[in-house]
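*Asks:* Between the sequences and the hints, there should be enough to build the whole structure, so can you do that?
Protein chains in written order, with the UniProt record's numbering: chain A, 1 to 272; chain B, 1 to 366; chain C, 1 to 274.
Simulated from the structure, these hints should not be mistaken for laboratory data. This one's a predicted model, so the numbers in the text were calculated from it and none came from an experiment. Any given hint might turn out to be false.
Claimed, not checked - Derived pair list, reagent style DSS-like, types lysine-lysine, alpha-carbon separation capped at 25 Å:
no.: 1; chain 1: C; residue 1: Lys-34; chain 2: A; residue 2: Lys-106
no.: 2; chain 1: B; residue 1: Lys-78; chain 2: B; residue 2: Lys-9
no.: 3; chain 1: A; residue 1: Lys-86; chain 2: C; residue 2: Lys-10
no.: 4; chain 1: C; residue 1: Lys-34; chain 2: A; residue 2: Lys-88
no.: 5; chain 1: A; residue 1: Lys-5; chain 2: B; residue 2: Lys-22
no.: 6; chain 1: B; residue 1: Lys-22; chain 2: B; residue 2: Lys-9
no.: 7; chain 1: B; residue 1: Lys-78; chain 2: B; residue 2: Lys-3
no.: 8; chain 1: B; residue 1: Lys-121; chain 2: B; residue 2: Lys-110
no.: 9; chain 1: B; residue 1: Lys-121; chain 2: B; residue 2: Lys-109
no.: 10; chain 1: B; residue 1: Lys-288; chain 2: B; residue 2: Lys-260
no.: 11; chain 1: B; residue 1: Lys-9; chain 2: B; residue 2: Lys-67
no.: 12; chain 1: A; residue 1: Lys-106; chain 2: A; residue 2: Lys-132
Here's the letter readout for the chains.
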Amino acid sequence: MKQGKLFYYIPYGLWIALFVIAPVVLIVYQSFFNIAGHFTLSNYATYFHSGVYLKMTFNSVWYAFLITAITLLISYPTAYLLNQLKHKQLWLLLIILPTWINLLLKTYAFIGLLSRSGSVDSFLTFIGIGPKQLLFTDASFLFVATYIEIPFMILPIYNAIAELSPSYVNASRDLGASGWQTFSRVIFPLTLDGVKSGVQSVFIPSLSLFMITRLIGGNRVITLGTAIEQHFLVTQNWGMGSTIGVILIVAMVITMLLTGERKKKGRTRHAK
Amino acid sequence: MAKTIIEFKDIVKRYGETEVLKGINFQIEQGKFYTLLGPSGCGKTTILRIIAGFTDASEGDVMFDGKRINNVPANKRKVNTVFQDYALFPHMNVFDNVAFPLTLRKVSKKDIRTRVLDALKMVQLSGYEDREINEISGGQQQRVAIARAIVNEPDVLLLDEPLSALDMKLRKEMQYELRALQQRLGITFIFVTHDQEEALAMSDEIFVMNAGQVLQTGSPVDIYDEPINHFVADFIGESNIVRGHMVADYLVSFAGHEFKCVDAGMRPNEPVEVVIRPEDLDITTVAKGSLTMTVDTQLFRGVFFEITGHDDTGNSWRIRSIHRTEVGAQVGVFFDPEDIHVMRFNESEEDFDARLETYEGEESDR
Amino acid sequence: MQSKLSGWSKAYLIIVFIILYAPILFLVMYSFSKGNTMSNFHGFTFDHYQTLFHDPRLIQIVLDTLIVALLSSLFATIIGTAGALGVYETRHRAIRQTVLSLNNILMVSPDVIIGASFLIFFTMLGLRLGFISVLLSHIAFSIPIVVLLVLPKLNEMNASMIDAAADLGANPWQTLTRVILPAIMPGIFSGFLMAVTYSLDDFAVTFFVTGNGFSTLSVEIYSRARQGVDLEINALSALWFLVSLLLIAGYYFLEQYNQGRKTKNRQQVEAVIK
Numbered sequence: 001m002k003q004g005k006l007f008y009y010i011p012y013g014l015w016i017a018l019f020v021i022a023p024v025v026l027i028v029y030q031s032f033f034n035i036a037g038h039f040t041l042s043n044y045a046t047y048f049h050s051g052v053y054l055k056m057t058f059n060s061v062w063y064a065f066l067i068t069a070i071t072l073l074i075s076y077p078t079a080y081l082l083n084q085l086k087h088k089q090l091w092l093l094l095i096i097l098p099t100w101i102n103l104l105l106k107t108y109a110f111i112g113l114l115s116r117s118g119s120v121d122s123f124l125t126f127i128g129i130g131p132k133q134l135l136f137t138d139a140s141f142l143f144v145a146t147y148i149e150i151p152f153m154i155l156p157i158y159n160a161i162a163e164l165s166p167s168y169v170n171a172s173r174d175l176g177a178s179g180w181q182t183f184s185r186v187i188f189p190l191t192l193d194g195v196k197s198g199v200q201s202v203f204i205p206s207l208s209l210f211m212i213t214r215l216i217g218g219n220r221v222i223t224l225g226t227a228i229e230q231h232f233l234v235t236q237n238w239g240m241g242s243t244i245g246v247i248l249i250v251a252m253v254i255t256m257l258l259t260g261e262r263k264k265k266g267r268t269r270h271a272k
Numbered sequence: 001m002a003k004t005i006i007e008f009k010d011i012v013k014r015y016g017e018t019e020v021l022k023g024i025n026f027q028i029e030q031g032k033f034y035t036l037l038g039p040s041g042c043g044k045t046t047i048l049r050i051i052a053g054f055t056d057a058s059e060g061d062v063m064f065d066g067k068r069i070n071n072v073p074a075n076k077r078k079v080n081t082v083f084q085d086y087a088l089f090p091h092m093n094v095f096d097n098v099a100f101p102l103t104l105r106k107v108s109k110k111d112i113r114t115r116v117l118d119a120l121k122m123v124q125l126s127g128y129e130d131r132e133i134n135e136i137s138g139g140q141q142q143r144v145a146i147a148r149a150i151v152n153e154p155d156v157l158l159l160d161e162p163l164s165a166l167d168m169k170l171r172k173e174m175q176y177e178l179r180a181l182q183q184r185l186g187i188t189f190i191f192v193t194h195d196q197e198e199a200l201a202m203s204d205e206i207f208v209m210n211a212g213q214v215l216q217t218g219s220p221v222d223i224y225d226e227p228i229n230h231f232v233a234d235f236i237g238e239s240n241i242v243r244g245h246m247v248a249d250y251l252v253s254f255a256g257h258e259f260k261c262v263d264a265g266m267r268p269n270e271p272v273e274v275v276i277r278p279e280d281l282d283i284t285t286v287a288k289g290s291l292t293m294t295v296d297t298q299l300f301r302g303v304f305f306e307i308t309g310h311d312d313t314g315n316s317w318r319i320r321s322i323h324r325t326e327v328g329a330q331v332g333v334f335f336d337p338e339d340i341h342v343m344r345f346n347e348s349e350e351d352f353d354a355r356l357e358t359y360e361g362e363e364s365d366r
Numbered sequence: 001m002q003s004k005l006s007g008w009s010k011a012y013l014i015i016v017f018i019i020l021y022a023p024i025l026f027l028v029m030y031s032f033s034k035g036n037t038m039s040n041f042h043g044f045t046f047d048h049y050q051t052l053f054h055d056p057r058l059i060q061i062v063l064d065t066l067i068v069a070l071l072s073s074l075f076a077t078i079i080g081t082a083g084a085l086g087v088y089e090t091r092h093r094a095i096r097q098t099v100l101s102l103n104n105i106l107m108v109s110p111d112v113i114i115g116a117s118f119l120i121f122f123t124m125l126g127l128r129l130g131f132i133s134v135l136l137s138h139i140a141f142s143i144p145i146v147v148l149l150v151l152p153k154l155n156e157m158n159a160s161m162i163d164a165a166a167d168l169g170a171n172p173w174q175t176l177t178r179v180i181l182p183a184i185m186p187g188i189f190s191g192f193l194m195a196v197t198y199s200l201d202d203f204a205v206t207f208f209v210t211g212n213g214f215s216t217l218s219v220e221i222y223s224r225a226r227q228g229v230d231l232e233i234n235a236l237s238a239l240w241f242l243v244s245l246l247l248i249a250g251y252y253f254l255e256q257y258n259q260g261r262k263t264k265n266r267q268q269v270e271a272v273i274k
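*Replies:* Encoded structure:
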């Protein structure tokens with residue numbers, strides 16, 4: 001069986017070496033080179049000294065926080081209520097279903113919905129609020145980002161609640177706790193792992209969104225993701241792009257440590 | 001004497017720091033039914049896994065038919081196993097499961113069919129060959145597992161607590177069947193269990209194990225009647241075990257009295273433990289009793305009453321009696337010299353056997 | 001649990017579902033509209049589907065996207081399954097944990113990072129960006145999910161089956177092909193399906209590593225969307241939605257089937273124990 005193990009590890013180990021370790025090393029390595037290809041620390045110096053990058057990072061974190069908070073606020077009750085339904089598995093599937101549709105298509109739909117003389121605009125005009133600039137605003141960016149992230153928050157929370165044995169709730173009620181006390185003292189703490197897992201699944205991708213910022217936010221919101229894309233594909237300053245990438249990786253690690261939890265479940269990768 | 005098929009020579013097995021087998025030596029003869037009996041974690045399953053080839057011994061030699069097989073992989077050993085959880089392949093039906101070992105070697109379709117049907121017949125499952133594994137009951141799965149293990153005609157069949165998942169009634173039935181099957185096949189069975197009743201009922205030879213060692217080897221009757229130490233006495237059946245000392249050969253003192261017994265070969269005044277089985281004790285009047293006891297509890301168990309009590313010196317006694325008594329009553333407890341079995345402290349199996357030789361010979365001389 | 005919800009709760013759930021589905025339905029609806037923008041439904045037509053089917057560039061891109069998806073999933077499934085088997089047979093806890101952590105790096109990394117780092121990697125290798133780089137990237141980011149879906153199936157598998165196979169005379173290869181792979185097939189299948197969805201769903205990584213001349217649907221929609229609304233895209237969305245639905249239905253039934261088998265087995269084991 002020893003040989004079998006080795007045999008299995010040849011392709012898989014190659015993958016780990018080439019596509020997991022090498023890229024991370026390379027992005028760190030690249031961050032020490034300037035646009036002319038000379039070794040330098042100036043990328044980091046620029047990042048920490050120019051207010052632009054720090055402000056952008058702060059902005060990015062702030063928006064990611066807002067997106068995560070709004071998503072959580074909407075998702076927890078939804079996950080809780082879903083668990084009370086008959087055929088809850090089916091309803092859950094219906095929540096997950098939109099995530100299987102290409103993100104670009106959903107974003108594209110919002111362009112149509114929110115554009116000037118789009119449906120929402122017409123509706124607002126109809127009820128007398130009048131035509132408003134909807135696309136390319138902070139609000140539209142937040143709304144679409146939240147929309148995209150909701151299922152990824154619902155899923156882990158739903159699972160945490162579903163795993164919660166009803167006898168805990170019964171025990172709590174039996175011992176005299178009110179509905180709210182039962183929720184705040186028993187249900188919520190026991191489902192906290194699900195919440196953490198959800199926060200992790202939403203916060204990290206939100207930091208690095210760039211497609212939505214471009215198509216919906218109209219470049220008003222610059223996130224770390226947008227900046228990386230800009231440096232890599234537009235200005236071709238890979239060194240600076242990699243530096244921001246390293247910052248993003250650090251932010252990701254911090255987030256994971258803060259929400260530190262062991263098992264991950266039910267998260268499908270996304271967020272373009 | 002039958003030929004030795006498997007031999008363990010100073011087998012030690014370590015997992016990191018912990019020694020799960022501490023120098024095991026034994027010989028297994030062809031055509032007998034052996035049982036490895038012991039509490040969970042005593043190493044009995046490890047022995048089975050070493051014989052099957054799933055686990056390597058850390059030290060020592062495993063001999064099969066006179067050849068060292070430590071380095072022979074499991075798939076090349078003429079030994080097959082019936083697993084505790086049966087390990088039937090869920091994606092195959094009954095026929096395919098039993099045929100599996102045959103399809104691995106180039107056996108013709110026709111031969112496979114006859115041999116599978118024979119094996120199924122052997123375990124009384126004829127007509128079940130097209131059933132799916134999850135369509136048949138636990139007891140039937142058990143039989144399929146046995147059929148699959150014997151279809152290859154192994155020299156030795158290993159059974160790892162195969163009956164533990166069955167209910168009481170089915171278990172008893174399977175005990176008879178396994179015993180009958182072993183006699184029909186004429187091959188060696190090595191059966192692992194923690195159930196002493198099962199071991200006593202089925203085996204030619206029992207190895208009683210604890211904490212990585214074989215404590216006692218012998219026929220069921222030997223082990224029941226003459227346990228070597230406290231552990232064996234306690235593990236095999238229920239026992240009253242009290243402390244005492246040997247006054248002289250065939251005279252033991254306990255519970256404040258001296259009694260005739262059938263044990264000898266010990267030092268005068270040597271401290272010993274005395275075993276008397278609850279079914280060997282009878283309730284009688286105080287006057288007729290060997291001992292006097294105050295009854296503490298009495299439970300009706302159907303066939304008998306289970307009575308517990310204590311004597312004047314504080315020993316507690318458990319008695320199985322067909323007569324009832326009263327809680328609180330003073331009663332006599334009667335037993336014969338043959339009912340007493342005396343055990344020395346820390347006596348090894350060799351010493352025990354040697355001691356038995358000396359006076360049993362003496363006894364027959366008289 | 002009681003399944004009676006108050007009116008407010010029901011209303012809340014209904015609103016959530018409406019919001020989740022509105023954009024999709026909206027997209028599908030306007031694919032049948034006679035107008036050229038996504039406002040004011042102008043009457044029913046199949047025109048946009050016609051345009052779609054007469055757009056060779058778009059059809060080529062759809063085909064490319066599907067080829068990348070299927071090929072990358074196939075390779076990812078093979079490598080990922082091998083990886084899961086490797087991890088399964090690794091008994092050393094620390095090594096196992098390390099390998100799994102490395103495995104999960106691509107699961108949690110933002111796509112932008114994956115895309116950017118792969119871009120650096122391919123450029124350093126001197127690989128021309130295009131079909132190959134996109135395919136390699138898709139294989140790379142699909143592998144971890146395959147491992148994560150296959151590994152539980154291996155752990156669920158009755159380990160004594162492997163001993164049993166060896167005991168009955170199977171060599172390691174026979175044990176793998178005749179016992180292990182059939183037992184974990186559902187996991188391998190879900191892994192493959194997940195890999196397909198990952199690939200079809202990806203935008204950011206592809207966007208980074210695709211050069212000129214090769215495009216997948218997501219990238220194409222992105223560039224078209226930047227130029228404004230084009231109802232041909234709506235038609236494409238509607239078809240895409242249909243395909244997604246079919247994929248999900250397939251996945252769902254597979255899961256149900258597995259679940260069913262699992263509970264059946266469990267009930268049976270319980271019955272045995274009782």
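*Asks:* It remains to establish, for every hint, whether it holds in the given structure.
*Replies:* Now the hints, each set against the structure:
Restraint check for C/Lys-34 and A/Lys-106: the C-alpha separation of about 21 Å stays at or below 25 Å, so the hint holds. For a cut-off of 25 Å, the pair hint linking B/Lys-78 to B/Lys-9 stands: about 19 Å separates their Cα positions. Between A/Lys-86 and C/Lys-10 the CA atoms are separated by roughly 13 Å; this keeps the pair inside 25 Å, and the hint holds. Between C/Lys-34 and A/Lys-88 the alpha-carbon distance is near 39 Å, which puts this suggested pair outside the 25 Å criterion.
A C-alpha spacing of about 30 Å is found between A/Lys-5 and B/Lys-22, which places the hinted pair above 25 Å, so the restraint is violated. With a C-alpha separation of about 11 Å, the suggested pairing of B/Lys-22 with B/Lys-9 holds against the 25 Å cut-off. With a C-alpha separation of about 16 Å, the suggested pair B/Lys-78 and B/Lys-3 falls inside the 25 Å cut-off, and the hint holds. For the hint pairing B/Lys-121 with B/Lys-110, the CA-to-CA distance comes to about 17 Å; that is within 25 Å, so the pair holds.
Of the supplied pair hints, the one linking B/Lys-121 and B/Lys-109 holds, its CA atoms being roughly 18 Å apart against a limit of 25 Å. Of the supplied pair hints, the one linking B/Lys-288 and B/Lys-260 holds, its CA atoms being roughly 16 Å apart against a limit of 25 Å. Taking the CA atoms of B/Lys-9 and B/Lys-67, the gap is near 12 Å; set against the 25 Å cutoff, the hint holds. A distance of roughly 22 Å separates the Cα atoms of A/Lys-106 and A/Lys-132; the hinted pair therefore holds under the 25 Å criterion.
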